[in-house]
Every structure is written in structure tokens, then in C-alpha cells.
Amino acid sequence: MGLGEDGAGSAPGALSCRNLRKTFGGTVRALDDVSIDIAAGEFFTLLGPSGCGKTTLLRAIAGFEAQDSGTIHLGGQPLDGLAPPQRPVNTVFQSYAVFPHMTVAENVGFALEMQRRPKAVIAARVEEMLALVRLQGLGGRKPSQLSGGQQQRVALARALAATPRLLLLDEPLSALDLKLRNEMRLELKRLQSETGITFVFVTHDQHEALTMSDRIAVMRDGKVLQVGTPTEIYERPALRFVADFIGEANLLEATRIAPGRFRLAGGAELDAAEDTGPTGPVTLVLRPERAHLAGPDEAEGQSLAGAVEQVVYDGADTTYHIALDSGATLRLREPSHGAPAQARAGDSVRVRIDPASLRAVPD
Amino acid sequence: MKRGRALLLLPSGIVIGAVLVLPLVMLLVISLMQRNPNGGIVWGSFTVDAYVSFLWERGFSGERELNWDYVAIFARSFALAGSATVTSFAIALPTALWMAFQPPKRRLLLVFLVTLPFWTNLLVRNYAWMLLLRVDGVFEQILHTTGLLTGRLGILYTPTATAIGLTYSFLPFMLLPIYLSIEKIDRRLIEAAFDLGAVRFRVLTRVILPLSMPGIAGGVVLVFIPGIGAFISPELLGGGKSMMVGNLIQAQFGYSRNWPFGAALAFVLLALVLAATYLHRVRFRSAP
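As given, the protein sequences belong to chains A and B, one line each in that order. Reminder that position 86 of the first sequence reads as 86 in this note's numbering, one-by-one numbering, no gaps. Reminder that position 179 of the second sequence reads as 542 in this note's numbering, one-by-one numbering, no gaps.
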């Protein structure tokens, strides 16, 4: 992503947060030594459960919240000490925060009006922005005459109109219904690539994060747990929490007895590829789609024995809930391929586990 | 079903009829009767004399002459109520802004403090202002001690004192609606304005003021209309020299013993206020 040696990056849209700390009421640690580098033009997502500090981080970047310590640089310039109106950063708020007393055009032109640009310039830019968010011809409407999705587009156009170096999005899709949300997800991605503006997107929805982001920072309790591309985060989670929070995961308690070798509670042993780390208790992460039912006369590879508890067919996939002989329960998902289920409840089966599909994470 | 719903309106209908419509009808009837010199009216008589005498008086020789005295009293009432409205708005807006941005707990306390004067009778509070404004009163003594003034303050028993009294009496009615509408504004809208590059003054003029228009309009109505009809402040602080409509009407039912004229004045005032309210509504119709 072309970060500089110091990690700050000097491109105008590159954001660097260093050792940010923020405490509320003396006890709640909203930001606990957060350091993040975001490259110019990146779609970067802050992902975490509510109360993890992601919104506080966003508000600190926008200038609504002052960090107790640490620095924020944008394009190599410090933002600290600048009031929100002075920061080349705009925000799309969760509740849209579209001005109800202004027309759509007045809303979109607001930032330029504040810069005292000539009326003709503002009008031209407003038209351009309305076209960008596909609201042509609605400039004269009041926000109350628009649907939720349209208001969201107005908020987007308004935040992008003054060409900020950084766009902050605070759970902008959470108020929309599922269909609109899927639509707006693609729309946001398109807007980001068309404008080339750095997007910092806050969400608690791991699906949103995986589908839209260039990179994701997973946060919990004011700390950044892991930063990486969606593939890295999903395939190689660094912590049990990350594995559990992103996507579905089978989490098996195990003991590492040698690098790459693990013993489960019932005594069965498993191998995992690409594994290093000290011996001792770990959690093995196995994605449901990476485990498979072994064929009746399949002898190769490592497997675990168990009994099918439940079979859930949902069209594209069939999910098998399997009680392992060791006591743990495992979910595995096979594509249905139009065929009948490979096993029924009560059947004894073997679950084939490729060493490359297993990953050990510390608790 | 429909009948049942209409029945539910009956209690409020009775109350409104008994305390609003009935007195108004009585007042209208009284205004169209001849006065009884000993007070009250002559039943069964009908005349519009009361309304005519608002503009014309009978000269010594019995002919009618135009008389601007009552018009002047109405004009003074509108001017004094207007100045009280403007002054109380100027005080209420910054106060309401400040209050609305306090922590929620302190806001409750502040609202309580604003309503505190209502716990004391308006008459008593106006007497208190007399003590403050009078010759050798509290204000004069403070100004003398600090050397800011050497002569007399000379405010008591002037229209200025009346305006001060009106502003003081009606300030909470301006402050509370404005405060409520500012407090109701979604904070995200204010943050969004700051975020989009608006400095404080422009956040105020472009976002806060337009969104608190309903409160401002309410405050203006609640101060201006009762202000016109006020009679305690002009009597006590204005010294009865700068009479307002309220005093005039009160006098007709009191020592002047001219009920029809008092009733007629009340109706003229009502008509003017309704006209003003209508214009006001037309003016603010575009507000959200």
C-alpha cells in the first residue's frame, strides 16, 4: 500500500494514528493505544462489536472527540488542535443527519456554501454530485419527500461535494433494509473507486466489512486486535475473538504438543500446516466450509469420528451438525449440488480435515 | 363508532363552550347595549354607540368629532408589547442556546429556575421592580456607589419602566419555547454542519435558527399578545401615565362604569390580534 518508512505516508489522503488513548469517565477505555496506518485511496474498515471504540476513533479523526494522548496525521500534517470545520475530513452519519429545512441541492451544496464559493460553481458541483449518487432531478425536493436510501445518498453527496481528503462513514447502512443495504454496499464501493477518496468505514457487520474493504481493523475494548485484508482476516485470524467474530468458525479446544501437532480433549490428534508457536493450550479454528464428510471407503488424510446430530438444508448448501466422539460439536457445510444429503441424523460419519484448513490461535 | 368518537369530544366541548364561547358571546351582547350610568347595562337596548365612541366623541354641541386618544393607546400598547417582544427575544435566544448545550441534569435545574418567578404573584414582582427602579432605589444606589451615575435614574413611571416590566414578566414565555425547540434539534445535524466546514456563527444562522423557528414563533405570540393586554406593569411601573389597552378596558369595567365600551374595546383588540396572528402565520408558513 506504499506506506512510508515512518508509516505516516505523505500522500494527501494517507491517515496515520499513533498511540491514541481516550478514557471516558476515568474508567472506560474507549481507545487503548491505537495505532493505525491507512493508505491514500484505501477503503479501510473499522470492525468490532458495539463499545469497541470504533466510533470514538472515527470521532477523534473528525475532531468531535479529543484524544487524551497520541497523534493523528493526515497526509503528513497533524490534525490535532484543528476544529472539525478546519479538517479536510467529512463524515456520513449513521442517521444521515440531512438538514430537514433545506432542499436536497442546498444540503449537497452546504460545504461549498460555507467556503463561500460562487453560486454558479456550487450549482454545477451539486448537479455533478447528484449525478454521481444517481439523484438527478431531485435537487429541489425536501429530505422528507425522499426515501431512507435516497436520504443516505444525499448525505453521501453532501459529504463528498467539497472533495474531502478523507471520508468517514459511521455505520451508514445500518438504518437501511436488507435489499437497500446490499445495493448501497456496491454503490459505496463504486463511489470510492470513482472519487479515489480514502474511505474509513465503521461497522459491526462482518459481512459488510468483508465484502467492501481493502483492509479491515478488528477492534475490541479500545484495542486494535488485527489489521489485514479480508482474506487475511478470514483465513488467518490472529486471535480466537477475531476467528469467532468474522464469519462462522468451529472452535476446538486443544493442546499443542509440538509445532503443527495438536491433541484434542478426547485424545484424538490433528496436524495443522503453517503452524509455529509454543506448546500449551490453544484453540483450533476450522471454517465449516473447509471440513468435509469422508466417503465410506476413503482412507487417506486425517479425520475425526462422530455422529450426525442434525442436517440443515438451505438451498445452495447443506449444513451438518456433528457430535464428535471427543465430545465437541462441529458444523460442516457442503455445497448441495442438487443431490440428496450425504448423511442423515444418527449416521456415524468421519470428518475429513485437511491440515491446511486448520489454524491454531491463542485464546 | 363515529358517534362514540364524537361523544368523546363532549367534555372538552363543554369546557370550551363554558369558559370561552359563552363569555365571548356575553361580551358581544354587552358591547351592543346601552350603558347604565350606575354600572352594568340597560337590557333590551341595542346600539353600536360603544364601537362608534372608539373613534368619535360627542362634542359640547352634540356633534361627533374624531378622537385619536384611544387609537393612541392602542398604538402605544402595540409599540410597548413589540419592544418587550424584541428585548425578550434578544435575551432569550442566547440564554436558550446556552441552556440547551448544558449537561442534561443541569438543564432540568435551569428550566426550573426559569419558571421560579411564577411561584410569586405578578403584582408582587412588579412592586419589586418599583423598589429597584425608584428614586434612591437599589439600581440608583448601585450606580451612585460605583460612580457610573451622579444624577437621577429617572426610569420609574415612564414607558421605559413599563417596557422593562413587560419584558421581565413575559421573558419565560419567550425563553421556554425557544429552549425546547433548540433542545429538540438532533445534535448530529449540528455536528454535520461543523463537519462540513461551518463556523459557529453559520451553524447558528443556517441550522439552529431555522430549525428553532417554531419555538421562536411561539415565543413571539406568547409575549406579544399578552403584552398588548397587560395592565399591571403599565399601572405600577408606568405610573398610570402611559396607559395601555389593558388599563383602558379595566377602567371601563371599574371606575368608568362603561361596560359596553369596555366590551367593545376588548373586541377591537381581539380583531387586531387575530389579524396580526393571521399575518404572522402567513409570514411563517414556509417555516418547518
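By construction, these hints were calculated from the structure, which means they are not laboratory data. We treat Cβ as the ideally placed atom computed from N, Cα and C, and that holds for glycine. Take these hints with a grain of salt, some might be off.
[What the hints assert, rightly or not] Pairs of lysine-lysine, DSBU-like flavour, derived with a Cα cap of 35 Å: (1) A/142 x B/547; (2) B/468 x A/223; (3) A/142 x A/189; (4) B/468 x A/119; (5) A/189 x A/179; (6) B/547 x A/179.
[As the list claims (entries may be wrong)] Some chain A residues judged to face chain B by a derived CB distance under 10 Å, without partners named: (7) 101; (8) 103; (9) 115; (10) 161; (11) 168; (12) 311; (13) 313.
[Stated by the list, open to error] Derived contacts from chain B toward chain A, CB cut-off under 8 Å, selection only: (14) 373; (15) 380; (16) 381; (17) 469; (18) 564.
How the hints compare with the structure:
no.	hint	verdict
1	A/142 x B/547	holds, 20 Å
2	B/468 x A/223	holds, 32 Å
3	A/142 x A/189	holds, 27 Å
4	B/468 x A/119	violated, 44 Å
5	A/189 x A/179	holds, 16 Å
6	B/547 x A/179	holds, 32 Å
7	101	holds, 5 Å
8	103	violated, 12 Å
9	115	holds, 6 Å
10	161	holds, 8 Å
11	168	holds, 9 Å
12	311	violated, 47 Å
13	313	violated, 44 Å
14	373	violated, 36 Å
15	380	violated, 37 Å
16	381	violated, 40 Å
17	469	violated, 17 Å
18	564	violated, 11 Å
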